[in-house]
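Enquirer: Okay, here's what each chain looks like letter by letter:
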Amino acid sequence: MTIALLLQYLVAGVTYGAIYAIVAIGFGIVYNATGIINFAQGEFVMLGGMIAVSLQAFVPLPVAVLLAVLVTMGVGALVEILFIRWLDRPTVLRMIVITIGLSIGMRELALLVWGEGVRSLPYFTGDAVSALSVGDVHVSPQVLWVLGTVGVIVAFLVLFFGRTRLGRQMRACAANRDAARLCGIDAKGMVTLSFVLAAGIGALAGCVVSPITYVQYDSGTNLAIKGFTVAVLGGLGNSAAALGGGIILGVIESLSILVLPAAYKDVVAIAILLAILVFRPAGVFGNAATARLKEHV
Amino acid sequence: MSRTRALPLAVFAALIVVVQLATGIADKSQYLTQLTMAGYYSLPILGLTLLMGYAGQISIGHAGFFAIGGYVSGFLTTGNLTGLSDRWWVRALARLHLLASGQDAFDSPSLVVRAWPACIAALLVTVVVAYLIGKPVLRLKGHFLAMATLGFGTIVYRLVLGTSALGAADGISDIPAFHLLPGLDVSGKSALRVSNYYVAWGLVLVTVILLGNLIHSRIGRAMRAIHGAEEAATASGIDTQDTKLKMFVLSAVLAALGGVFLTHYNGGIGPSEASIMKSVRMVSIVAIGGMANLWGALIMGVLLNFLSMRGSFGSYDDAVFGGILLLIMLFSPQGLLRADLGRRLLRLISRRRKEPAT
Amino acid sequence: MNRVLNWIVLSAALFFAGPATAKEAIKIGAILSVTGPAANLGGPEARTMQMLVDEANKKGGIAGHPIELFLKDSGSSPEKAISFAKKLIEEDKVFAIIGPSTSGETLKIKGIAEEGKTLLISCAAAEAIVKPIGKWVFKTPQNDSHAARKILEHIKKAGLTKIGLVSSNTGFGKAGKEQVEKVAKELGLEIVANEVYEKEATDLTAVATKLKAAGVQAFINWSIEPAQAIVLKNARQIGLNVPIYQSHGFGNIQYVKAAGPAAEGVIFPAGRLLVADSLPASHPQKAVLMKYKKDYEAKFKEDVSTFGGHVYDAFLMLTKAVEAAGTDREKAREALEGVQGLVGTAGVFNFSAQDHNGLKADAFEMLTVKNGQFVVLQEGVDKKDAPAKKK
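Chains as they are written, first to last, in our numbering: chain X, 1 to 297; chain H, 1001 to 1358; chain S, 2001 to 2391.
Keep in mind that the hints are not guaranteed to be accurate.
[Unchecked claim] Distance condition first, Cα-Cα at most 30 Å in a straight line; then the derived DSSO-like pairs of lysine-lysine:
id, chain 1, residue 1, chain 2, residue 2
1, H, K1189, S, K2301
2, H, K1189, H, K1028
3, H, K1189, S, K2027
These are calculated hints, taken from the structure and not from any lab test.
Please put together the full structure from these sequences, using the hints given.
Expert: Structure (structure tokens):
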């Protein structure tokens, strides 16, 4: 195994990982604000891609992507207002089941609207065979778009939650909702905002990734499971850690096909998930003490 | 058994017979096919009601156990050992009368495990797997438990889908009939429709009786205590982890039992039986039935599975289950058929009557 | 909705047809994977089915019998296929069942069709469907063994010996994998890299890298799912520029679009439906292919694919059988076994009591992709795969 081939595997792993990391970050935002795992996060990614593909027949690509992100953000807000907002201190079980129901509902609606066919956006730069080469290692330019987008998103979120007033308000709500309301923060609005934000970054991910893969009405489900694995790996609720977790999972998955048949790649990912959940639920980068604080039962 | 418990059971048993006779008279005995399938699907649902409703532990991966039951028994009863007939363990199995010889589809000799030992083996495998998975995972709570069980279900799905010895995507076909008793076979032949219907529903009846006894026993009370307030339960000396694990394994075995019987009835099994959607369906039905309501889950399960198996929901099968799940969870989280529904309705009616006329 | 339409047509037909000419409706069941993992197959198949039934009923049905269609979506679940098959045969008493879309489901209902003495014309590809032969079970897609052989003979002729094989984790992929392994051994070709990938895979660079590391001189990508396009893209991106062969599961222009420039030069065997335009007018299949293509594309505004063609052929077979022998099942079955020279979309069918598929290797044409279109592969020296001559 030459260094070049090893690097090629690593690049493949980082590519997978970036895709999962964005889904994980979406999970984290909603979880931070509400303590809910939104199983429908994968569907936001799917919607972003599908809507962009439908629009780019009429408007230039960047506009299509922007509109797709905005529309999906609207869907996120709608979902929160219609299904989550008015629930009165729901149990964890109820929330899990509701978001699963939402995930199924959105998937079936997508099937109704777009049919069962696969779609993908055109490559942002270059085409399906163009590759940037460093020696014997080849990378599609779209991969750089994906990594770049993920990087920008993470940077934005770190700044948003760390420096802006709105971000700090959201964090306050996450830490202690009642206290936050006593300080005059619109807790309900924060929850809606978290959904909007998660939907937006999910949609952006869906757009930037669809040239490499494709979107189909049921692409969301698989992404959700992998995304959750990464979120847990990295410590739920921590964007930068999710990125790290994504890279770790992606690389492990990629290298796993050296020893196992590729058909078992998913098994590897889930085995990792189970191991983390059992041995270190706070995640690789998380803090066990703060993770316990997030238990809303 | 008290009268309040014996009466519904007697009604249930009578209903089973009445339905069969009615379909016979109305010349609709083909309905028995989907009713039998729905019956076998009720077994994992009842087990899950026990686990989720009474013990309060969520599991979104129970179809995995159903599939383990079906695949293990299917694999053993179709795996041709003729080529290995000189190995010591094959000869040992033969001497214990655990093997059956015959001919395969190409008319060459076949040597497979009999259905009864295969069934026992499938249930044993399930106990082992459920124990190994349950012990670490049941320490988790809430979302983490949900995700862990979801992960387990997905692993089973991926394993059966990716393993060519288990037929990969095609699954296992030509699974022989299960010779339950001399003269009583579990198989899909149309001539055996009525007897198979009674086998399935007999199994369900026995399960309901046993689970009912369990719920009203000491272990059952311990289980409900855990659901109510786990710390308090521990404080009163209940070994919560042990109880949870026992319930998990029991519900897994029930699911596997359903899997074994349905697989022999269908004559085959595919990876779709292990899919996450199947697990979600089971959770939906338990939720709709009222979480801690065996009868509720049973009624809703039979209704929905019967309609689904007849294709009444068309291409929107998943949407129906997802939609119902959503609506119930949003508006009536206690389920549709609440245990105290009757009482509430009576209260509603009597309140109206007490109001003075205007 | 369509059942209502069928009842209206049926009632109208019965009303307007005089008592002497009123013929009872013929019930046809269809079990297809309209949604679910094999929706790429079942979607076009179901649409084709509906289109053909509507068209036939406008002209009075098959041999004067109006058709009542019972279309069921099995979502690729064998347990649903089993339940639907029993319902269709025992309750609805259908004359024949078309489908299912996948081999796994078909194998599970083979026995039910035999027991119920109902014609089952499957749209799935596995050889096991017709081997061992079931009296009542037929299939319309070409045999994988022929496709595998055509590909491997082409590779051998090109002087390549070390090949790679990647297949998807579906019934189609598995069946093809077995056939390729068998025939490769026979022809003395060495498979140096053999991987199965998931049909939902989003990136297959790792698999492509493994192929490159093994030093393959060509590789075969056997799948019927969209993910096969990802393999093509990833392979070209990492600079694996060896000849790529696909299976007949590539027969949908959507896959070419998904792969973009990576699909250029890919070689694969397929039914001639994909190159119907470029066939000479004298070709025996031209008329049938053009008609199906035109009708389908006009009605559904999407490109025709070979998958829908399997239903087309099944319907043709049924029509032929009923026209020859009426609605007596045993007679229709025997008539079907005797059908020769039936021009369908997948090829020209010749059935017999031992051959319930009716197609040979010449049903395939070697195609390639040029400028994003399917074209017939032009071999400079050898025209071994010339269109089949009339029998």
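Enquirer: Now tell me, hint by hint, if it's right for this structure.
Expert: We went through each hint and held it up to the structure:
A threshold of 30 Å between alpha carbons decides the hint, and for K1189/H with K2301/S the separation of about 44 Å lies outside it, so the pair is violated. For the proposed pair K1189/H and K1028/H, the alpha carbon gap of about 16 Å is at most 30 Å, so the pair holds. The straight-line distance between the Cα atoms of K1189/H and K2027/S is roughly 23 Å, inside the 30 Å bound, and the hint therefore holds.
Checked against the numbered hints above, the structure breaks only hint 1 and satisfies the rest.
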